[in-house]
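Each protein sequence line maps, in turn, to chains H, X and U.
Under numbering that gives the first Met the number 0, the first residue of the first sequence carries the number 0, and numbering increases by one thereafter.
Under numbering that gives the first Met the number 0, the first residue of the second sequence carries the number 0, and numbering increases by one thereafter.
Under numbering that gives the first Met the number 0, the first residue of the third sequence carries the number 0, and numbering increases by one thereafter.
Mixed in with the good hints there might be a few duds.
As the list claims (entries may be wrong) - Here are a few chain H residues that face chain X, going by a calculated C-beta distance under 7 Å:
1) 204
2) 355
3) 387
To be verified - Computed cross-link-like contacts, DSS-like style, restricted to lysine-lysine with a CA-CA straight-line distance of at most 30 Å:
4) X:139 - X:62
5) X:139 - H:185
6) U:12 - H:80
7) H:406 - X:62
8) X:19 - H:192
Claimed, not checked - Just a sample of chain U residues kept apart from chain H, beta carbon distances all over 12 Å, derived:
9) 3
10) 60
11) 137
Don't read these hints as lab results, they were simulated from the structure.
Here a beta-carbon is modelled for each residue, glycine too, at the ideal position from N, C-alpha and C.
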Amino acid sequence: MSETTVRVAEGPALVLAGYEGEPLRSLDAYRAVGGYAQLEKARAEDPQAVIQQVIESNLRGRGGAFFPTGRKASFIPTPDKIAKPIYITVNADESEPGTFKDREIMLKVPHRLVEGCLIAAHAIQSRHVYIYIRGEYLEEYESLQGAVDEAREAGILGGVEIVIHRGAGAYICGEETALLESLEGKRGQPRSKPPFPAISGVYASPTLINNVESITTVPAVLAVGPEEYATIGAPPDSTGTRLFCLSGNVARPGVYEAPHGITARHLIYDIGGGVPGAHTLKAVMMGGSSFPVMTPDDLETPLDADSLGKKGYFIGSGVVTVIDERTCMVQFALRVAQFYMHESCGKCTPCRVGTRWLVQLMRAVEDGTATEHDLELTLDVCDRIIGKCLCVLGDSAAMPVASCVTKFRDEFREHLAHGGCPFGEDSQLAGLFAPTDQHAHTPMAAEALA
Amino acid sequence: MSTPELVRVTIDEREVHVPKGTGLVETALAAGVEIPVFCYEPRLGPPVGACRMCLVEVEGMPKLQAGCTLTAQDGMVVKTARTSTQAAEGQDATLEFILVNHPLDCPVCDKGGECPLQDLTFRYGPGKTRMSFEKLTFEKPIPISPTIALDRERCILCYRCTRFSETVSEDGQLIAANRGAMSVITTFEDLPYTGAFTGNVTELCPVGALLPTQYRFEARPWEIVDVPTVCGLCPVGCNVYATVREGKVKRILSRNHPEIDEGWICDKGRFAFTHLRADDRLAQPLRRVHRRGLEQISWEDALDEAERLLRNARGRIVTALSGSETVEQAYALGKLMRVGLDSHQAMLPEEVSGALDAYRLPLSAIREAEVVVVLGEVPVVERAPVVDLWIRAARRNGARILDEADEEAIGGAARVVLLWSGPGGRGGETVAQVAEKLGLADRDGCGAFYLPETPNGRGAADAWAACCDEESAESASIGLLVVSGDEAAANENVRALAEQAEAVIVLSMFHGLAAGWADLILPGTSYLERDGTFVNLEGRLQRLRRTATPPCPDELEWLAELAARFGVDLAPYAAGVFAEVSQRVYGGLAFGEVGERAPLRGYPEASEHIARTPLPRAAQKPRRGEIRLVAYKPLFSGAAVERVAELQFQRPQPELELSAEDARRKRITPGDMVTVGANGSAITLPARVNRRLRPGIARVGLEHASGLGGIVEIAKAAEVLA
Amino acid sequence: MTAFHDEVQELRKLYPEGTRSAVLPALRLAQERHGWLSREAIEEVAGALELTPAYCYSVASFYDMFRLEPVGRHTIEVCTNVCCGLVNAQAVLEAFERELGVRPGETTSDGEVTLRAVECLGGCSTPTLVAVDRRYRQSVTPDDVPAILAELRA
Ligand SMILES: Cc1cc2nc3c(=O)[nH]c(=O)nc-3n(C[C@H](O)[C@H](O)[C@H](O)COP(=O)(O)O)c2cc1C
Ligand code: SF4
Ligand code: FES
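Here chain H stands alone, though its shape is the one from the complex (with noise of 0.2 Å):
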């Protein structure tokens, strides 16, 4: 039962610096080479040096939004503005499909996130530092949990708290805002904005919310100095690596880091080995399931926000998925938009009730029942969920859908006009199975299970 592929691509080593193939788990492992060295140098400096820094680096969220780091750590307002504690939420919840980069953060150099929360609770003067991880993740949890116990021992926290928050399952808490519910106990129900974290986050009290990633870049941007970083991967927006998650139907998968602005065609092919066997790529799952897929005629394009942006894709959480010819985009989009169903939060109307419809329009599609009306409708449906909801997982939802029927229309007709699925049992995603029963407890008929 194979280990995850996790390895310097190209570029220069930086989230990953130091590490050979053995995780870098203990403190002296992570001293070893140069851990904690930013630490001391950061604390030598003042707190709004460092926030510059990060801000002449131009560093950018790793999670999926993209949001200048160094500017939001800016908006938090400094203890002498204000006389509430300030919190660090550090968001480890990775749960969109496709994604496992924090995971390997944390199995592999833990101790260089905990050296970021500490760099950024010295920028933004906090002493309170939650890291809220998936409940699923067990390993990492334990990895994490020696390495901030380590540091504490070693002396090194100075003060700070590091107090590791396990959530219980939902792909909605990994929503900034829902996190915050949920590590104040409540469902993790995202809340409408403003006020915004930095004013009013957890205990309504000013917050600074970033990815794994993201934090643990902070060090190596501090490393190699702002300027240096800024001139790494695709400037001006894109700068540095980041830790691509290539999978699918695809040679070598794993977690690469590269810098920004590879192609998808290079990290592929080349460093990803291609497509298995004699089969070709069909599709690509870009950014992660919440974004629109690309197509063959777009491998050429640089993963930077930029280039991507530009024919309407998103670099998300540096996801690749590679899909193969033998794969129903049907499928694909009915899996997707299960998953999107399942994990609404149910607050808001149109994407607890939109995303069942996309279910039940996406099965009508595979079950050859539904009409070229209804492939309108879907597309209908998506426009009403885009942009209305109160968090964005509606978006995420509709916008894979919406491009799936758009740029595989052909093979969406075939179901209608063969009434069913052309593929037969050969697709791989074949009768594959949605969870369903975790949010079942109250009697209802079973067709409401979509």
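Since chain H is already given, all that's left is putting chains X and U with the ligands on it; use the hints.
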């Protein structure tokens, strides 16, 4: 407070100026524009932006915004569905999604015709549905309590009801379970939703998902009228509507008086009205005939009989008031007895005092207080339910809630409010003294309240006092005891007096109460069947309306007739009587001016007229180690509640509340059977430990106290037997 | 007071006073003890946190990892999201169904094993990911299934 800065907002090309921070929904209304909402309800705390019905276009913002979550900022330019196609599309989208799972059963839905969803669908909704798949289906309707039914298929998950339970009544019982499309409203393990305020969720629900069981299939909107009146079941005097069909009350709804109830009413006020139709409700007078018990007689005969009894006892008549009479009834009765029959002696179930008139505040001021001191040992919710909600609101606002007037703790607080809830309050004198000690008089936002046991004791006392200036010495014997109303009829002291009286006339709604000991029983009306006025615990004069036709004549009619026989001139209708009272008590205020939403006026003349009944000795303080038993009248008790089947589940369990310290001292754990004894008699009840109860105090519902009170012995039942 | 009560008080200390943050940890603790969250378990949690059972149930029912019905001594959780699906998760799930004779969401009649299909567990590059009593097994194929179960039952 500084006057808030005004900002200019443009809504659908109309300019309005509102205070900065005003909700956008309210701002739009000020501009005459309606932004449709479902989940938005400011009384439930900050907006949640869940239903997405209120989507609007805001200049400078890329996406549509949930209007309910925005506040007015200067220069803001907003376009609603009326002027923005984008917003209109958003609104259509939300409405279509809401209707996807909503059943088409409006014709058989009690909400039909007064349903926000139905109205909005009618105004903006899609003609036909595009959803051709199975809707979500649930078991329906399911009772979440004997008074409320839940239809999960109609529910649109606006979370109003759960937010009420979480943040207003703070009972944490009505919740959302599961996630996403499977989300449902429910209680834990389907236990009944219990508490003083549960019924409010039936009014908060914007669809027909949460409905009162009493109203099921009772009426259609076009057959009913909602008559504005005031609840007469407790001294708060919440403003309500009585929904009336063919002269019968079908439902009680709140009628938001922002200073008194903010639109919340308790379940007693909402659901107890069916006692009007109780099986033992009296319509005909009854007379005791020797050995043959009671016989029905005509009203003519009844009045002749009453006249006879009154004449025989001239000068020796004692009147026992209930404190639930209207001001007018008390005045009419008083004038007959005092002017017509020279019998000035009256008693009320409790002491009344004007001592608090110097510390008057609207109840809503409690929410703004920095410190709220709650004195006395009876839970506020049991005496004046809605006051409990104001105290909770104060706590959420950051106020400190204390249980003793500790000057240290109160410290430099600017706004201090005192409340007395329990025995020893002496009609407000005690708390008035505390207020004086703290120097609260004429301090902005400071004041004091006494929570009486009777809904209109103050009004009745003032009226009785005002109707005649003569006084007379107490006569040695009681020739006739006139018992006015069911509270008096149920009162032990009154029963005791009846023993001594040569004859007894009882005015009562129900056969059960006086059948055993009255010589003449005259059927009475309910607060829902009377025109007149009440004075609530704020000292606020309010207007009651006759919402339903009683099975018997109005008291004022036959009192006037009877009075005439003794040469006393009385108007047979409330307006006339009030005119007379008003001259003496309410500064000549006209009946018509009392007001639909009455303001809090001061009545300087009133206090002078107060009947000074002898003060009962203050309850003795328990010495170290001693425990004093407080037997209180629970909210869900009394003649009305006892006659409403749906409310029986709300009545308190027989149990003894103990403070944590006393429980520890006596090695009593929750659920233990304990024996409570005093001078000979004893009762045995299961124990409940209440961390908030002060040591030295034990508490039990009156109906379970069997007469015990004062200092008692408490021990584990087992140990007593041993 | 019970040991559970005391442990919950310890958990509360990790968070500011007067907050409800210990609800998830406390529910997890209760589930680790009883295997699932029975009515009594939820009442115990509520008691220790001074919250209503209804509130704790409302929270518990929101999250996938809290079980509100009895479960087997062991749980097998198979990721059936697209990444694993592309590399035959369905076959792995079916192998477990065959070997155990239960459908996803069900427990074997001897009360030993509960089989579940779950959403992406974050092991997409080593499909199929299977969590055996919450421990991840990567790159599981249908052929591995008998061995995994043998191990469990051993
Ligand atoms: C439905 C949803 C799920 C999300 N899941 C995650 C997640 O698992 N991890 C994460 O870091 N960010 C996630 N995000 C993004 C967060 O909301 C937030 O933008 C991010 O954590 C900010 O950190 P960053 O600026 O460092 O990227 C999610 C967003 C949405 C709308
Ligand atoms: S968009 Fe979906 S997940 Fe987000 S708040 Fe609305 S219902 Fe919840
Ligand atoms: S009224 Fe604004 S979202 Fe519900």
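Each hint tested on the structure:
no.	hint	verdict
1	204	16 Å, violated
2	355	4 Å, holds
3	387	5 Å, holds
4	X:139 - X:62	38 Å, violated
5	X:139 - H:185	28 Å, holds
6	U:12 - H:80	27 Å, holds
7	H:406 - X:62	25 Å, holds
8	X:19 - H:192	18 Å, holds
9	3	17 Å, holds
10	60	6 Å, violated
11	137	5 Å, violated
Going through the hint list in order, the structure does not satisfy hints 1, 4, 10 and 11.
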